[in-house]
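Starting from the given sequences, assemble the full structure and let the hints guide the process.
Taken in sequence, the protein lines are chains A and B.
So the first sequence is numbered by this note's numbering: it starts at 1 and just counts up by one.
So the second sequence is numbered by this note's numbering: it starts at 1001 and just counts up by one.
I should point out that these hints are in silico values taken from the structure, not numbers from a laboratory.
Take the hints with a grain of salt, since some may be wrong.
Cut-off 16 Å, straight-line C-alpha distance, at most; resulting in silico cross-link-like pairs (EDC-like, lysine to aspartate or glutamate) [to be verified]:
id, chain 1, residue 1, chain 2, residue 2
1, B, 1003, A, 59
2, B, 1101, A, 15
3, A, 83, A, 62
4, B, 1109, B, 1009
5, B, 1071, B, 1084
6, B, 1017, B, 1084
7, B, 1003, B, 1084
8, A, 71, A, 95
9, B, 1101, A, 59
10, B, 1101, A, 95
11, A, 70, A, 30
12, A, 9, A, 24
13, B, 1071, B, 1005
14, A, 71, A, 24
15, B, 1109, A, 38
16, B, 1101, A, 102
17, B, 1071, B, 1054
18, A, 83, A, 24
Pulled from the structure, derived: some chain B residues nowhere near chain A, Cβ distances all over 12 Å [stated by the list, open to error]:
id, residue
19, 1011
20, 1017
21, 1044
22, 1048
23, 1076
24, 1081
25, 1093
Positions of the beta carbon are idealized from the N, C-alpha and C atoms, including for glycine.
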Amino acid sequence: DGGITQSPKYLFRKEGQNVTLSCEQNLNHDAMYWYRQDPGQGLRLIYYSQIVNDFQKGDIAEGYSVSREKKESFPLTVTSAQKNPTAFYLCASSEFKTASYEQYFGPGTRLTVT
Amino acid sequence: SQKIEQNSEALNIQEGKTATLTCNYTNYSPAYLQWYRQDPGRGPVFLLLIRENEKEKRKERLKVTFDTTLKQSLFHITASQPADSATYLCALDLGSGGYQKVTFGTGTKLQVIP
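This is the structure we're talking about:
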């Protein structure tokens, strides 16, 4: 089965700790994205990557970091500098080089920081 | 800045009727517009994409219209079923330089009543 996997589904951390969210895809997509979703708000872009070893900040990158060492993987680290990290995090990928631009989303990770 | 408006209030309709959801946008002329379905606690799933030169797109019971003069897209579900109950998100392409940057609306929650 092709798709995007995110793990874990639920994550709990103490304030002040860094935490890394996993995102893996086997769709052979070049582009990958991280979004954050809060209740009553749309998806907000944190980081995106078009190719391996390259990534760009999205609209709300402060307090987050990413890496793209492999085409299949795009992990997101939520650092202690992120002021309000509790949220639902979604990873997505797309084959943006084609005429079909739809994004494929993973199941999401719900992070709770107390 | 780009603004996308979807009716934040839930839409309740009777089973068998046609559901119509609205997506309005300002300050931009997107090359295309997408609609996604999101179930609670899950990632969005792509439904339809319509380009700026297309007035209407259909897929089974779904129909999307795109009026670039009114800056509005309408999303219709005909013969609605309780299984269609979900939150529906519209998304606009703000891509430049080959990068696909999609901005999502906050979504409209649809409840189909048996």
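How the hints compare with the structure:
no.	hint	in the structure
1	B/1003 - A/59	holds (14 Å)
2	B/1101 - A/15	violated (31 Å)
3	A/83 - A/62	holds (9 Å)
4	B/1109 - B/1009	holds (7 Å)
5	B/1071 - B/1084	violated (26 Å)
6	B/1017 - B/1084	holds (12 Å)
7	B/1003 - B/1084	violated (26 Å)
8	A/71 - A/95	holds (12 Å)
9	B/1101 - A/59	holds (10 Å)
10	B/1101 - A/95	holds (13 Å)
11	A/70 - A/30	holds (10 Å)
12	A/9 - A/24	holds (13 Å)
13	B/1071 - B/1005	holds (11 Å)
14	A/71 - A/24	holds (9 Å)
15	B/1109 - A/38	holds (15 Å)
16	B/1101 - A/102	holds (11 Å)
17	B/1071 - B/1054	holds (13 Å)
18	A/83 - A/24	violated (26 Å)
19	1011	holds (16 Å)
20	1017	holds (26 Å)
21	1044	violated (5 Å)
22	1048	violated (9 Å)
23	1076	holds (19 Å)
24	1081	holds (23 Å)
25	1093	violated (7 Å)
When held up to the earlier numbered hints, the structure conflicts with 2, 5, 7, 18, 21, 22, 25 and fits the remainder.
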